[in-house]
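Enquirer: Listed below are the residues making up each chain.
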Amino acid sequence: MFRDAWLVTKKDLLIELRSRILINQIAPYTLLILVLFGFALDADTETLRDTGPGLFWVSTLLVAILAIQRSVDVETSDSAIDRLMLSGISPTSIYLGKTIGLYLQLIILEALLFIVMVVLFDMSVVNYPLVVVSAVVTTLAIASSGTLYGVIASGLGVRETLLPVLFLPVLAPAVIGATRAFGDAFGRVNADGWAWLGLLSVIAIVYTLVGMLTYGNIIEDT
Amino acid sequence: MQRTEKQEFTTSRGTRFMGISLLIGIPTLLIFSFLLSPADDNMDDAVRLIYVHVPMAIFAYVAIITTGIGSVFYLWKKSRWWDTVAHASAEIGLMLCGLVLVTGSIWGRPTWNTWWEWGDVRLVTTLVLFLMILGYLALRQVPANPDLRAKRASVVGIIAAVNIPIVNRSVEWWENNTLHQKSSLTDGKLENLTLFTLFLGFIVVGISFLWLMTHRFRVGWLAAEIETEGIAGVIEERLNEANSGAANPNYQQKDDV
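Sequence lines, in order, name chains A and B. Residue 72 in our numbering is what sits at position 72 of the first sequence, and the numbering runs on without skipping anything. Residue 32 in our numbering is what sits at position 32 of the second sequence, and the numbering runs on without skipping anything.
Simulated from the structure, these hints should not be mistaken for laboratory data. If you're wondering where the values come from, they're calculated on a predicted model, not measured in any experiment. Beta carbons: idealized from backbone N, C-alpha and C, even for Gly. Certain hints may be false.
Said to hold, decoys possible - With beta-carbon atoms standing in for the labels, derived distance ranges:
hint	chain 1	residue 1	chain 2	residue 2	range
1	A	209	B	95	21 to 31 Å
2	A	6	B	219	46 to 56 Å
3	A	125	B	206	35 to 45 Å
What the hints assert, rightly or not - To give an idea of the chain A side of the interface with chain B (calculated C-beta under 8 Å), a few residues:
hint	residue
4	25
5	27
6	156
7	210
8	212
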């Protein structure tokens with residue numbers, strides 16, 4: 001199962017490497033969001049530092065929507081998904097492979113976002129392990145639910161509007177937890193960031209399991 | 001298809017009985033809530049809101065769990081009956097969830113001195129649940145093949161139901177991050193008339209839930225019949241029209257006009 005999943009992941013990453021949509025289009029969009037937040041918050045560095053953790057995760061979610069749509073487009077254009085199904089790879093492996101592919105892309109975008117945010121907002125990290133662990137867990141929650149919801153919203157003619165309506169509420173608790181954890185890691189809020197990782201882990205595990213169990217039912221009709 | 005008069009109504013002896021029970025139950029609950037039960041030492045008159053807030057919260061969970069169960073059975077059995085149950089229950093769940101948020105907010109103002117507390121996990125997750133059901137119902141409204149739509153809505157319904165334990169247990173899991181009080185029922189602090197009124201609230205909200213659920217299920221079932229059999233009926237009608245047109249020489253003339 002994991003070997004097949006890794007094949008799907010490699011395929012998705014190879015397509016991204018060749019098309020360079022992640023680097024040429026999605027990454028600049030990520031930076032643009034942060035710059036616009038700077039304008040919207042009146043260039044007040046102290047406010048930007050306080051709200052930075054939240055802005056980081058909101059930006060990540062907005063970017064994730066684009067990455068999810070891209071991940072689904074790869075399969076739905078030219079009915080590529082039919083060929084993938086005919087190859088004998090199980091839907092669970094396809095789901096895991098696409099989740100890992102999306103996960104790695106989001107991690108790259110988050111790393112870029114993180115560096116830019118630290119520079120532009122003049123932020124300093126007080127707890128690096130918490131930043132890394134909370135980003136790893138939260139991104140798993142985003143990628144696992146995003147892969148599932150991306151397919152749910154596809155092929156209905158209303159994907160652009162339906163995907164955010166379905167996807168963003170699902171990730172709302174993850175954003176709250178991740179923002180608190182990041183806030184603690186940046187020393188901006190008085191919260192136990194590690195405690196919020198419990199919530200994030202539960203969400204990540206639950207959505208991954210539901211995705212593994214139900215992806216096959218949806219992908220047949222895509 | 002000729003529909004009988006009986007099929008066009010969603011009432012039955014059972015729903016009439018529930019309706020009459022509610023006509024008696026709701027005024028009785030109001031009398032007990034506002035006139036007979038005492039004010040609380042700490043919460044004062046705000047305590048009267050829990051007689052509907054707590055039962056509605058519990059039945060909102062019941063509704064969403066029912067949606068989850070209906071969704072699982074739909075994916076398993078591919079039965080329209082389960083899909084209609086899931087859909088009907090989600091609509092009632094959304095209404096109850098919305099009312100829980102409103103009554104909770106009104107209760108929170110005098111008790112916590114705020115309409116909304118972002119640090120409270122249960123409040124926030126209830127809102128998230130509300131938004132998730134909103135998304136579920138948005139998906140159900142998308143014009144698409146009914147089976148395809150039902151299949152996808154089922155997955156969203158399952159995730160909404162799976163979210164329930166996160167909502168319900170959040171107070172105990174992350175006690176330091178919440179203003180929300182622990183369950184009023186299990187800590188044994190409620191006594192006599194307050195407890196009785198709360199249970200009366202459970203009965204009234206429970207019957208309301210069943211009454212709404214039955215009617216909404218029947219409306220959903222009829223709507224699905226129109227959607228599927230209606231199309232088949234129209235095709236049959238057109239085929240008959242075409243056949244009679246072939247036999248009738250005037251048919252072509254009429255079409256030309």
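Enquirer: State for each hint whether it applies.
Expert: Checked hints:
Roughly 30 Å separates the CB atoms of residue 209 of chain A and residue 95 of chain B, a value that falls within the hinted 21 to 31 Å. Range check, residue 6 of chain A to residue 219 of chain B: about 48 Å between beta-carbon atoms, so the 46 to 56 Å window is met. One distance hint, 35 to 45 Å for the beta-carbon pair residue 125 of chain A and residue 206 of chain B, is violated here, with the actual separation near 52 Å. For residue 25 of chain A, the shortest C-beta to C-beta distance to chain B is roughly 27 Å, which exceeds 8 Å, and the interface hint is violated.
Annotation: residue 27 of chain A was flagged as interfacial toward chain B, and the flag is violated, the nearest CB pair being 28 Å apart, outside 8 Å. With 8 Å as the threshold, the beta carbon of residue 156 of chain A comes within range of chain B, its nearest partner Cβ sitting at about 5 Å, so the hint holds. Given the 8 Å rule on beta carbons, the hint for residue 210 of chain A holds: about 6 Å separates it from the nearest Cβ of chain B. Of the supplied interface hints, the one on residue 212 of chain A is violated, with its beta-carbon coming no nearer than about 12 Å to a beta-carbon of chain B, more than 8 Å.
Of the hints listed earlier, those the structure fails to meet are numbers 3, 4, 5, 8, in rising order.
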